[in-house]
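One-letter residues, chain by chain:
Protein chains: 2
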Amino acid sequence: MSGDLSQKIWPRGAFRDRNGVVCIGGISANDLVREFDTPIFVLDEDDFRARARQWRSAFEDSFGIDGVTVYYAGKAFISVAVAKWVSEEGLGLDVCTGGEFAIATSADFEPSRIAFHGNNKSLVEIQNAVAARVGLIIVDSFYELDRVAQTALAEEVVQKILLRVTPGVEAHTHEFIATAHEDVKFGFSINTGAAGEAVRLALASPHLELKGLHSHIGSQIFDTEGFEIAAHRVIGLLGAIRDEHGVELESLDLGGGYGIAYVEEDDPLSPEALAQRLYEIVKVKCDSYGLEIPHISIEPGRAIAGPSTVTIYTVGTVKTVELDGGRSRSYVSIDGGMSDNIRTALYDADYTAVLANRLSTESLSASRVVGKHCETGDIVVRDVELPIDITPGDLLATPATGAYGRSMASNYNHVPRPPVVAVSNGKARLIVRRETQEDLMRLEVPEGGS
Amino acid sequence: MSGDLSQKIWPRGAFRDRNGVVCIGGISANDLVREFDTPIFVLDEDDFRARARQWRSAFEDSFGIDGVTVYYAGKAFISVAVAKWVSEEGLGLDVCTGGEFAIATSADFEPSRIAFHGNNKSLVEIQNAVAARVGLIIVDSFYELDRVAQTALAEEVVQKILLRVTPGVEAHTHEFIATAHEDVKFGFSINTGAAGEAVRLALASPHLELKGLHSHIGSQIFDTEGFEIAAHRVIGLLGAIRDEHGVELESLDLGGGYGIAYVEEDDPLSPEALAQRLYEIVKVKCDSYGLEIPHISIEPGRAIAGPSTVTIYTVGTVKTVELDGGRSRSYVSIDGGMSDNIRTALYDADYTAVLANRLSTESLSASRVVGKHCETGDIVVRDVELPIDITPGDLLATPATGAYGRSMASNYNHVPRPPVVAVSNGKARLIVRRETQEDLMRLEVPEGGS
Numbered sequence: 000m001s002g003d004l005s006q007k008i009w010p011r012g013a014f015r016d017r018n019g020v021v022c023i024g025g026i027s028a029n030d031l032v033r034e035f036d037t038p039i040f041v042l043d044e045d046d047f048r049a050r051a052r053q054w055r056s057a058f059e060d061s062f063g064i065d066g067v068t069v070y071y072a073g074k075a076f077i078s079v080a081v082a083k084w085v086s087e088e089g090l091g092l093d094v095c096t097g098g099e100f101a102i103a104t105s106a107d108f109e110p111s112r113i114a115f116h117g118n119n120k121s122l123v124e125i126q127n128a129v130a131a132r133v134g135l136i137i138v139d140s141f142y143e144l145d146r147v148a149q150t151a152l153a154e155e156v157v158q159k160i161l162l163r164v165t166p167g168v169e170a171h172t173h174e175f176i177a178t179a180h181e182d183v184k185f186g187f188s189i190n191t192g193a194a195g196e197a198v199r200l201a202l203a204s205p206h207l208e209l210k211g212l213h214s215h216i217g218s219q220i221f222d223t224e225g226f227e228i229a230a231h232r233v234i235g236l237l238g239a240i241r242d243e244h245g246v247e248l249e250s251l252d253l254g255g256g257y258g259i260a261y262v263e264e265d266d267p268l269s270p271e272a273l274a275q276r277l278y279e280i281v282k283v284k285c286d287s288y289g290l291e292i293p294h295i296s297i298e299p300g301r302a303i304a305g306p307s308t309v310t311i312y313t314v315g316t317v318k319t320v321e322l323d324g325g326r327s328r329s330y331v332s333i334d335g336g337m338s339d340n341i342r343t344a345l346y347d348a349d350y351t352a353v354l355a356n357r358l359s360t361e362s363l364s365a366s367r368v369v370g371k372h373c374e375t376g377d378i379v380v381r382d383v384e385l386p387i388d389i390t391p392g393d394l395l396a397t398p399a400t401g402a403y404g405r406s407m408a409s410n411y412n413h414v415p416r417p418p419v420v421a422v423s424n425g426k427a428r429l430i431v432r433r434e435t436q437e438d439l440m441r442l443e444v445p446e447g448g449s
Numbered sequence: 000m001s002g003d004l005s006q007k008i009w010p011r012g013a014f015r016d017r018n019g020v021v022c023i024g025g026i027s028a029n030d031l032v033r034e035f036d037t038p039i040f041v042l043d044e045d046d047f048r049a050r051a052r053q054w055r056s057a058f059e060d061s062f063g064i065d066g067v068t069v070y071y072a073g074k075a076f077i078s079v080a081v082a083k084w085v086s087e088e089g090l091g092l093d094v095c096t097g098g099e100f101a102i103a104t105s106a107d108f109e110p111s112r113i114a115f116h117g118n119n120k121s122l123v124e125i126q127n128a129v130a131a132r133v134g135l136i137i138v139d140s141f142y143e144l145d146r147v148a149q150t151a152l153a154e155e156v157v158q159k160i161l162l163r164v165t166p167g168v169e170a171h172t173h174e175f176i177a178t179a180h181e182d183v184k185f186g187f188s189i190n191t192g193a194a195g196e197a198v199r200l201a202l203a204s205p206h207l208e209l210k211g212l213h214s215h216i217g218s219q220i221f222d223t224e225g226f227e228i229a230a231h232r233v234i235g236l237l238g239a240i241r242d243e244h245g246v247e248l249e250s251l252d253l254g255g256g257y258g259i260a261y262v263e264e265d266d267p268l269s270p271e272a273l274a275q276r277l278y279e280i281v282k283v284k285c286d287s288y289g290l291e292i293p294h295i296s297i298e299p300g301r302a303i304a305g306p307s308t309v310t311i312y313t314v315g316t317v318k319t320v321e322l323d324g325g326r327s328r329s330y331v332s333i334d335g336g337m338s339d340n341i342r343t344a345l346y347d348a349d350y351t352a353v354l355a356n357r358l359s360t361e362s363l364s365a366s367r368v369v370g371k372h373c374e375t376g377d378i379v380v381r382d383v384e385l386p387i388d389i390t391p392g393d394l395l396a397t398p399a400t401g402a403y404g405r406s407m408a409s410n411y412n413h414v415p416r417p418p419v420v421a422v423s424n425g426k427a428r429l430i431v432r433r434e435t436q437e438d439l440m441r442l443e444v445p446e447g448g449s
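Chains as they are written, first to last, in numbering that gives the first Met the number 0: chain A, 0 to 449; chain B, 0 to 449.
Take these hints with a grain of salt, some might be off.
When chains are identical, the list treats them as one kind, so a pair holds in a single copy or across two.
Here are the computed lysine to any residue pairs in the SDA-like style, where the Cα-Cα straight-line distance is at most 20 Å [claimed, not checked]:
#1 K426 with E446
#2 K282 with I228
#3 K282 with V246
#4 K282 with H231
#5 K426 with T37
#6 K159 with R112
#7 K282 with G238
#8 K159 with S121
#9 K426 with E443
#10 K159 with E208
What the hints contain is simulated information worked out from the structure, not anything from laboratory work. What you are looking at is a predicted structure, and each value in this text was computed from that prediction instead of being measured.
Between the sequences and the hints, there should be enough to build the whole structure, so can you do that?
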């Protein structure tokens, strides 16, 4: 069983102790569960911080210390404590709603280091962000260009903005599609001239300072081919802007979407390899247009938060189901499910899981980890080999659940959402507490009111 | 534009007033939004109650007034107010977690009319249910058979149970698959003999009263062919139980999954037609085994809650995107999204939407209604024809969102969840209030604690 906590998938501080109990941040799963119960998200703070630092230094090494800004994409997972870590590690923060901005504010995150995203920011969200002197607003539409300009006028500031452009590239894992058009809600199309028109309007507005362009091509990306096509088109637009307006825009945000390993077969690029490759791509394209390399931004979210976190569940039932062809499958039901991890059902995502509270020397069998929701699709881990002696009361741990797990969690079937416990150096502290039945009741208005 | 509020899809009390404003329960969308803001779930109480009554009377007409129990499946949507309506309309309630049971308790729902489902009920959930004298527990595994028996022993009661059996049928909309085996987490397999063994154990337990069998074959089902195969197998098991044990089990629960119309093309059976068809199926099968027709239960959830509710959003931006082949698509961004309706992304579900705050005489164009989340897949209505003059500030209404909308809602991107407003006879009352940023902060433990 040694080696089942692959460093590729698990937090860096994960290991099995002499009794075979999974330990994270120096604390055993058994101790964590005794204190915090299950299900529980266990976030290895040192792993999170180390990855944040690694992304920053990898890109600073390639682009120069003043040549790049790494924004942590808060949509993957953000809490007040996490926002503080991000700040302390010297990263910027990418938020895309007033709610995420409020978390950053509560963490005293320096507003000038925040970039505000989103295809449909409300006027109130824009007003609050501008009033708080947010560093950048990534403008997504002509309506928004006007709204931000009007708000900046009212606030008597000049708001720095990027324009989100759609380069016609969509990338996921090892595949990318390049088209002339992009059938998405985001951004200004380069191909139709919308992006060029937005640049003209932004440059003409006395209340907007157009810092540059933003492009985001997909999610869970393992290769750089998609980035190469996108860079070609976006840097081509930078060249066209220089030619038309005599202005070399300072900044280019390459977005996020950098993939992580959920299972052993996944093979993402290291931040260092990615940084070097993106530098080469940007350098070649800029050279070909006679442009200086702009200030680069990237927005890793999943790549920092994802591998930091392990979900621990308690097994409730185990059931062997016969399949066609004489095969069988073990259904291991745990005390969470699609309410704390919707990604398996939503994206057909792969995860793995291990027996966490003890070692088993029994043989492995084809297993499926399922939740407690009243729905056949309530699956956490579709296919995993687990010891045949797994039994109710055992703990099961699912790694790489830090991104889009707690952040997309629901109260489906009125199941309270699990807490997030940060672990470091043998110490555990709650950073998001467990929801209670009382919490779930607080929105109820039994007798009605208006 | 008349006729765009098809009675097939919209709540029965929905119409456009003389100004073309969508009205639900006698209140215009404009008035509702002035009072409650957007996004908002508007639940037509009379529609909900009428459907609950219709399901009950349709099945009582076919099976006899004492021959059937209609359980409302709370997982579709339950709140304290809704549980009270269900009780007042004389239906039972199907819950599948302690959280749903707690809502029922808060509504003073008579416990004997509650059926407790779930593949992985915790021991605490079982203990609370038995202690509260829940009417039925639908037992899903051998572990649970033991847990319920032990709990009943400790409580000194005899707990009425059904056994959930898997008949090897999976049905969705117009398709069903019948196999020997069922690759699902739920129930006891008839084919492997597990169901027969569970019957033997249940009959032998002095603390369990085996009332009958439960079978559920799928969701959003439009035909009865799947039920016919399932009934054949489950009633066959009833016959085998009679032959082996000399006992005719009293009850047969046919589960839920009855489909509704989300778009005009959907064509579900009426409750009356379904009841009559299910009666004929059950009658024929029972006759063939020489069995009396058992007491039948059904569990409509979506079929009652789904059509009762309309989500109203405010349009924030509109963007026309060019597609290949000279076509174009209008992206209409609203102030909600996958956080209040995950079904489009999760199940590739179809919905429709209309301009709600006014009439438009402009021509229609191919449109997509998208949310405000930072994700390309954040789509609420994939394909809908909307007037080309839709503009920011307009209201958009999406019907048939009462089931699995609010119940599966998340705080993705820290977006607060919308309220549920019940409307009836021109009056609106809040039954689930809007979440606030303060609510979202209440689980934060910024400085850590343990």
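Now for the hints, and whether the structure bears them out:
1. K426 with E446: between (45 Å within a copy, 14 Å between copies)
2. K282 with I228: within (14 Å within a copy, 65 Å between copies)
3. K282 with V246: Only inside one copy: K282 and V246 sit 19 Å apart there, 81 Å across copies, limit 20 Å.
4. K282 with H231: within (11 Å within a copy, 70 Å between copies)
5. K426 with T37: within (18 Å within a copy, 43 Å between copies)
6. K159 with R112: The answer is within: 12 Å in one copy meets 20 Å, while 61 Å across copies does not.
7. K282 with G238: So K282 and G238 pass the 20 Å test inside one copy only (13 Å; across, 77 Å).
8. K159 with S121: within (18 Å within a copy, 53 Å between copies)
9. K426 with E443: For K426 and E443, only the inter-copy Cα distance (18 Å) is at most 20 Å; the intra-copy one is 37 Å.
10. K159 with E208: within (5 Å within a copy, 71 Å between copies)
The structure is consistent with each of the numbered hints, conforming to all of them.
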